[in-house]
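Using the hints, position chain D against chain U.
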Amino acid sequence: MSTQGTVYKVSGPLVIAEGMRTANMFDVVHVGPKGLIGEIIEMHGDRASVQVYEETAGIGRGDAVVSTDSPLSVELGPGLIGNIYDGIQRPLEKLREMAGSNLTKGISASALDRDRVWHFDATVSVGAPVSAGDIIGTVQESEVMLHRILIPPKSPKGKIRSITSGDFKVEDTVALVETDDGSVYPVRMMQKWPVRIARPYTEKLPPNEPMVTGQRNIDSLFPISSGGTACVPGPFGSGKTVVQHQLAKWSDVDLVVYIGCGERGNEMTDVLREFPEIKDPRTGKTLMERTVLIANTSDMPVAAREASIYTGITIAEYYRDMGYSVAVIADSTSRWAEALREMSGRLEEMPGEEGYPAYLTSRLAQFYERAGKVICIGSDRRTGSLSAIGAVSPPGGDISEPVSQATLRIVKVFWGLDSALAYRRHFPAINWLNSYSLYRDRLAGWFSQNVARDWMDQTQRCLKTLQAESALNEIVQLVGMDALSPSDRMTLEISRSLREDFLQQDALGDNDSYTPLDKQHDLLALIFSFEDKGRAAIARGADIEAISELPVREEIGRAKAVPYEEYRKVYAEIGAELDKELEALVPAGN
Amino acid sequence: MIREYKTIEEVAGPLMLVRRVEGVKYDELGEIVMPDGSVRRCRVLEVNGSDVLVQLFESSAGINLSQSKVRFTGHGVELAVSPDMLGRVFNGMGEAVDGGARLIPEKSLDINGTPINPSARYYPSEFIQTGISTIDGLNTLVRGQKLPIFSGSGLPHANLAAQIARQAKVLGSESNFAVVFAAVGITFEEADFFISDFRRTGAIGRTVLFINLASDPAIERISTPRMALTAAEYLAFDLNMHVLVIITDITNYAEALREVSAARREVPGRRGYPGYMYTDLASLYERAGRKMGSDGSITMIPILTMPEDDKTHPIPDLTGYITEGQIILSREMYRKGYLPPVDVLPSLSRLKDKGIGPGRTREDHSGVMNQLFSSYARGREAKELMVVLGESALTPIERLYAEFADRFEEQYINQGFYENRTIEETLDLGWKLLSILPRSEMKRIKPQFVEKYWPGD
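Respectively, the protein sequence lines represent chains U and D. Number 82 in my numbering belongs to position 80 of the first sequence; there are no gaps in the numbering. Number 364 in my numbering belongs to position 354 of the second sequence; there are no gaps in the numbering.
The following block holds chain U by itself, in its conformation from the complex (with noise of 0.2 Å):
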């Protein structure tokens, strides 16, 4: 029987309730009257700490407590994708349907809708042996997204006694699985897997393959592999958002989950509305096809802010397991590190830095620890991967502070957002002096061999050159343009051109939002054939000033929007043109 015990103190989102001996650590509650829903996070005796998902207003003492026996658990399996969840999988638009526009307390619903039939094809037939997180058939959940039915983790071994294709629900016995020992286990579409416990997998990778983002910034200076970590700290205004929405919407991933994390519901809605409308590059469907959101915005209860992002690595995981690509994308984990404060400071914990609880590192590395490249279980030995993006909200935009210092520590590669180059309208505002990736060496086998021999070299070049620029930048500042020789007057020229032409990145532009990783090199190349051939002009006496001024440079400028159908041919034509117009200004004779 389930155990009942009764609230005796409320303060916030925290009950401490009484006559609770008999339950376990993170058991599932119902609180009160209306039944919200909570999750025991501390025991003492006979009293239980429950951190309510739900706003607490109106109850109190001598109100019933039930535990469910079950941690909190999230629902898997065909009808995740295009859905929106709050932190604790409740289908935002099945509660509009239920209650309206607002949300209204002690309303829940199935994350998977139970009366939808969904058509489950075989892939393994009567006899055939199978184990844990093996496929044993398909759905065809959305319309770029095969949904693979696995034998769930810690299934027992065993032989297929019955299976059949046809349609069903997903609570429905799709296959019937005979153990060794002669007992029988049925399958269904969908699992429940408890969010604050990883899913298994049989072997971790090391990251070998880029995550391709068609970000010039990203894929070209500061990669991410597949499977990799990431952090995006920046100010308020600093463009995080948009950086993340465009992760979201061009990563060559098979599966994007977005968690909306303790941020503003507008931008939610945003993605809601836009990512039905918006064409995956690869698959020319809609992104909505492959997008799961959590959205559990500011003015939504913290402590379900804090589950949220397990809730959305545990669908990732989900998917990984099938032998997908997965990303998740959480804006942002200092509104999650937050609610933990939150419940710390309630549950009068002794407060480490900055009132932050003194795990609030461990638990940071626990979530990006889920996301890998992996061998997926199953005995087909099938890689799935999961990268892991977070932004960090940092106070006042200093990373000193505890959040963006703990999650330097664990991720690979960090996207430092400058609130000056957004004042310039410099977007994405990735300041290149000071943001890194860990991953450009792995990498770089990967892209010489898959783009072009030289994208190492070029992109360090890149790099190079912007570090020069800061450094001259210094020396204008004192003496002014004039004390420069023409070649470092050059090296000026090509680094403005790099940071117009090449890393500002128009997220809205038609051609410019999603660069391929050949136009990305293409450009680069253009750019610094223009450095070559100018420093060769200057060499045979043409005019720093005159190369600075070329109308060819207009034409550079818009090469990044020129439709990836015709770059090559215009990219050519500008080259030629360059060539014409710097010939003009060699002095003749020389």
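Bear in mind the hints are in silico, worked out from the structure with no lab data behind them. Among these hints, one or two may not hold up.
Stated by the list, open to error - Straight-line Cα separation of at most 20 Å, EDC-like style, residue types lysine to aspartate or glutamate; simulated pairs: (1) D:Lys-321 <-> D:Glu-265; (2) D:Lys-442 <-> D:Glu-413; (3) D:Lys-462 <-> D:Glu-408; (4) U:Lys-571 <-> U:Glu-551; (5) U:Lys-11 <-> D:Glu-413; (6) D:Lys-456 <-> U:Asp-514; (7) D:Lys-364 <-> U:Glu-551; (8) D:Lys-453 <-> U:Glu-502; (9) U:Lys-535 <-> U:Glu-551; (10) D:Lys-346 <-> D:Glu-265; (11) U:Lys-11 <-> D:Glu-56; (12) D:Lys-453 <-> U:Glu-276; (13) D:Lys-453 <-> U:Asp-514; (14) D:Lys-393 <-> U:Asp-484; (15) U:Lys-161 <-> U:Glu-145; (16) U:Lys-11 <-> D:Glu-20; (17) D:Lys-364 <-> U:Glu-276; (18) U:Lys-11 <-> D:Glu-429; (19) D:Lys-456 <-> U:Asp-484; (20) D:Lys-456 <-> U:Asp-508; (21) D:Lys-456 <-> U:Asp-512; (22) U:Lys-36 <-> D:Asp-120; (23) U:Lys-11 <-> D:Glu-373; (24) D:Lys-462 <-> U:Glu-568; (25) D:Lys-456 <-> U:Glu-502; (26) D:Lys-364 <-> U:Asp-508; (27) D:Lys-393 <-> U:Glu-556.
Said to hold, decoys possible - Derived Cβ-Cβ restraints for the label pairs, each shown as a range: (28) U:Ser-112 <-> D:Gly-33: 50 to 58 Å; (29) U:Pro-202 <-> D:Thr-83: 52 to 60 Å; (30) U:Pro-202 <-> D:Thr-17: 52 to 60 Å; (31) D:Ser-60 <-> U:Leu-207: 55 to 63 Å; (32) U:Gln-368 <-> D:Arg-341: 43 to 51 Å; (33) D:Glu-435 <-> U:Asn-475: 35 to 43 Å; (34) D:Glu-435 <-> U:Arg-198: 55 to 63 Å; (35) U:Glu-476 <-> D:Arg-345: 24 to 32 Å; (36) D:Gly-466 <-> U:Tyr-566: 30 to 38 Å.
All C-beta atoms, glycine included, are put in the ideal place defined by N, C-alpha and C.
Frame of chain U, contents of chain D only:
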């Protein structure tokens, strides 16, 4: 049956502990009956066994542990709303104070509201013309947006907010429009400025005012903005009006929050403000928006004064993380006499992209905006360099940019509080200023628009 308790045990600052109560719920509204029969209000902050901790909304002066009584009302703090609220003045607790007729409430609403389901929001995209170039042209406001004004002590943020309230309109629609104004801990003079401006322009008839002055209890400020937003939600979502909410000054609100937090001995976050201030501010700001099932909207312009003009102070910082952009006022522009003194570069409207362009403003808007921003930024850099090294150190093109920056400040930013520019005037002025620069510099604008709009030589 409502019980009265004479078991007040402690009163300290805004907090009061009542012992041996029964059936009291979290967040319930309580009433304290003073020995002289007057009534003050309080709210349950914590239920701990048979004890409750309550937060007073008014001064604790006169509360007597042995004679004052407390009763709990069985519901949260509520505001009685009715269509007749328009044109009326209320105090910070939502009681009419203008001496007018008693309101007959249509219903009572919990002032905390309930969060809007993100899937039920409409993305704000209707352009609001404020007639101010720096806003319309560069940091476009749309219906349902929350766009704060970050100001400093002594800067004319009140004039700017009044100008927006006076001039704001949605092109091509004459729909019912209302203003909800919440004065949170501001001085009489400031409040009077707004009231007389509303009165002068006749706007007072469609305005609801909630006034908590600097002399009123600080604790009341925690509920004043919530009262105002509850009224706004009623007008917008029940009566389908387009409501502009002006709240001034959020800094006073945050200080009241800090006072309660300190009294509860909570672990403070930055600068003594509570760790949950982000969530708390979000519960105000996120009430702006448009949602399904209603034609109305809430557009919010909170005003806050940045302590020491410091944008990284927790109040502006957390606000900026929640709101959809910010209009920042600049002391430098103000000293130059440029009004409204908007600091263009760090100001931002996040929702502008969906509110501008063909069919909303004009096809060239986005390009002109980006070009003005980057050109002004470059001009400012050139001017800084000029200060250090003199004009001769600049290349000819940098000199043009420096000139552009000067003209831009003189003409585009400096329009005064009483000039109302249409969006076409704003865009054309932008083109006129850009033509100071060579046409080849127009990298941010599509060539066909440069072709079409470039002013003739």
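Honestly, which of those hints from before does the structure not fit? Going through the list in order, the structure violates hints 3, 4, 5, 7, 10, 12, 15, 18, 19, 23, 24, 27, 28 and respects the others.
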